[in-house]
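**Student:** Assemble the complex: chain A is given as a structure, and chain B must be docked to it using the hints.
Letter by letter, the chains look like this.
Protein chains: 2
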Amino acid sequence: MAGTIEPIARMVAALSHLPGIGQKSAQRLAYHIATLPLEEVRDLATALWQGRKAIRLCEACGNYAVGERCEICADEKRHNGQICVVRDPRDVMAVERMHEYRGLYHVLHGTLSPMDGIGPEDIRINELMERVKAGGVDEVILATNPDVEGEATAAYIARLLKPLGIKVSRIAHGVPVGSDLEYADEVTLSRAMAGRTEM
Amino acid sequence: MAGTIEPIARMVAALSHLPGIGQKSAQRLAYHIATLPLEEVRDLATALWQGRKAIRLCEACGNYAVGERCEICADEKRHNGQICVVRDPRDVMAVERMHEYRGLYHVLHGTLSPMDGIGPEDIRINELMERVKAGGVDEVILATNPDVEGEATAAYIARLLKPLGIKVSRIAHGVPVGSDLEYADEVTLSRAMAGRTEM
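Protein chains in written order, with this note's numbering: chain A, 28 to 226; chain B, 28 to 226.
Warning: the hint list may mix true and false statements.
Given that identical chains are not distinguished, each listed pair holds provided it fits within a single copy or across any two copies.
As the list claims (entries may be wrong) - Each computed DMTMM-like pair below joins lysine to aspartate or glutamate, with the alpha-carbon atoms no more than 25 angstroms apart:
| # | residue 1 | residue 2 |
| --- | --- | --- |
| 1 | Lys51 | Asp118 |
| 2 | Lys80 | Asp70 |
| 3 | Lys80 | Glu33 |
| 4 | Lys80 | Glu67 |
| 5 | Lys51 | Asp70 |
| 6 | Lys80 | Glu66 |
| 7 | Lys51 | Glu67 |
| 8 | Lys194 | Glu148 |
Simulated from the structure, these hints should not be mistaken for laboratory data.
Only a predicted model underlies this, so the values are computations on that prediction, with no experimental measurement involved.
Next up, chain A with everything else stripped away, as it sits in the complex (with noise of 0.2 angstroms):
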């Protein structure tokens, strides 16, 4: 590009890689590192490149991890009779905002996409498998996302799931609370009115 200069193109092309950065957001981004003192940039790299080198996934849940076992595996205080199914490490951190749950959980790091070639021994179903045999587990509950993937995805752990007799459950859809009945989509509003609880 005209005007600038490789080490900046090199930002740019490095930055544009991430998601929701495009080509400008990243010249923005690059021009503004330009600016900055030596010492923070080198503590934003060394905070990219440690932290990654840091993290590991957790050996009992698939979690984000720092040593084998997450911390939520690690927690004594957690109930180990619940697992709850999502489908990577963000939607783990959006559970446990609600400070409520107080199980296990585990992750697949995918969801099944035929379509991407994606089927079930890409994803960590066999690991959840094995930890619903080797005991202990009352319940497991489906959190992966209301779209497609998400449904099929649970549907075909369902299906594992139910000959071993433990108790399958699937997160409820529904009207966001605080939000408008009047934007609803109708897929959203039809398993609103379909999952409605007596009052």
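**Tutor:** Same frame as chain A, now just chain B:
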């Protein structure tokens, strides 16, 4: 934050310092970076850190440079009788994108802003005066932003340059090409009227 491990929290903290990246985007980015292969994160961190280290300011114009002179000042085909004064290196890139201007630049690295305690000594005005006094300059084009600080800075520099007997010009203000008159603010429209040219 609940469910966030320390390496990710560190990434989020570092990323959220960048302009236009709030807490939510920083989190999304950090979780994405956590999923990237180690080499990709190393490349990103290296591009930022090595890039920042490689960037210097051109000794002549203050634009970003790799060596002593920026690519534009080092280009012998550029007309050194014209100097376009801009606030920062990003503006150099904006003017260069036009592929029309063939003169040199002078980057102020800021604009006068008494409210923020930024006076003439804090931006590269002395360096501009020295360049002009060294001779060979026919015209200085003031291309600071059309906002309060940009206008004040342009007016201040114009007052300093006028006694030296060189041409001092200001970029035109007006309705942006391709935009709708209806949506132009009054100040822009009034400038567009005042700056009208005969057809």
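**Student:** The structure should be examined with respect to each hint, and the outcome stated for every one.
**Tutor:** Hints versus structure:
1. Proximity of Lys51 and Asp118 under a CA criterion of 25 angstroms is satisfied inter-copy only: 14 angstroms between copies versus 29 angstroms inside one chain copy.
2. In this homomeric assembly, Lys80 and Asp70 come within 25 angstroms of each other (Cα to Cα) both inside a single copy, at 15 angstroms, and across copies, at 13 angstroms.
3. In this homomeric assembly, Lys80 and Glu33 come within 25 angstroms of each other (Cα to Cα) only across copies, at 12 angstroms, whereas the closest approach inside a single copy is 27 angstroms.
4. With identical chains, the CA atoms of Lys80 and Glu67 are at most 25 angstroms apart both within one copy (20 angstroms) and between copies (11 angstroms).
5. In this homomeric assembly, Lys51 and Asp70 come within 25 angstroms of each other (Cα to Cα) both inside a single copy, at 24 angstroms, and across copies, at 20 angstroms.
6. Taking the shortest Cα distances, Lys80 and Glu66 sit within 25 angstroms of each other both inside one copy (20 angstroms) and across copies (10 angstroms).
7. For a Cα distance limit of 25 angstroms, the shortest separation of Lys51 from Glu67 qualifies both inside one copy, at 22 angstroms, and across copies, at 21 angstroms.
8. Within a single copy, Lys194 and Glu148 get their C-alpha atoms as close as 23 angstroms, which meets the 25 angstroms cut-off; across copies the closest is 73 angstroms, which misses it.
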